[in-house]
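Using the sequences and the hints, build the whole thing.
Note that the sequence shown covers residues 1028 to 1164 in this note's numbering.
Just to be clear, a hint being listed does not mean it is correct.
Unchecked claim - Label pairs and their calculated CB-CB ranges: (1) A1157 <-> E1053: 27 to 35 Å; (2) G1109 <-> P1164: 32 to 40 Å; (3) N1121 <-> T1145: 29 to 37 Å; (4) G1044 <-> R1133: 13 to 21 Å; (5) E1107 <-> R1055: 17 to 25 Å; (6) R1055 <-> P1164: 15 to 23 Å.
What the hints contain is simulated information worked out from the structure, not anything from laboratory work. Predicted model only: the values in this text are computed from it and were never measured. For glycine and all other residues, C-beta sits at the position ideal for the given N, C-alpha and C.
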Amino acid sequence: MSAQPNQPVEMGQVRWGRDLDAAKDEARRTGRPLFVLFQEIPGCSTCQNFGRGPLSHPLVVEAIETEFVPVLVYNNRDGEDGRVRQSLAEPAWNNPVIRFLDVDGRDVIPRRDGVWSTEGVVTRMVNALAAADRAVP
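Written out as structure tokens, the structure is:
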């Protein structure tokens, strides 16, 4: 799997789903937790660097796409993005935040912002897999 052509830099190289309900259905079928990115697009330098860094690291991208169900929520748009953001109490126009959710939309591990390094993202991924009783590759 690879990113969509001309994908905004803030999205990195991950192939993102955009429908949280469909992602929950896939998570139910596969047993994989949701990897939900709340991201500002177009975004500030932090958002762009997060896309160029952790979200473009080949091993991180592979792990996101195979061990989780990836979903992108624009944190600076209304409509469905705004509805999802509000339902999960995420602020608008915020720096990137990753939430790891179960099929019912509950946090697998507590929400944490300010995690923008590759090491930090991987650590959170490992913790989320362990909390969801999933094998860590």
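Hint by hint, here is what the structure shows:
1. The given range of 27 to 35 Å is broken by A1157 and E1053, whose C-beta atoms sit roughly 21 Å from each other.
2. Against the hinted window of 32 to 40 Å, the Cβ-Cβ separation of G1109 and P1164 comes to about 34 Å, which satisfies the hint.
3. N1121 and T1145 have their C-beta atoms about 20 Å apart, which leaves the hinted 29 to 37 Å range violated.
4. Range check, G1044 to R1133: Cβ separation about 19 Å, and the 13 to 21 Å hint holds.
5. Look at E1107 against R1055: about 20 Å separates their beta carbons, and that is inside 17 to 25 Å.
6. R1055 and P1164 have their C-beta atoms about 21 Å apart, which keeps the hinted 15 to 23 Å range intact.
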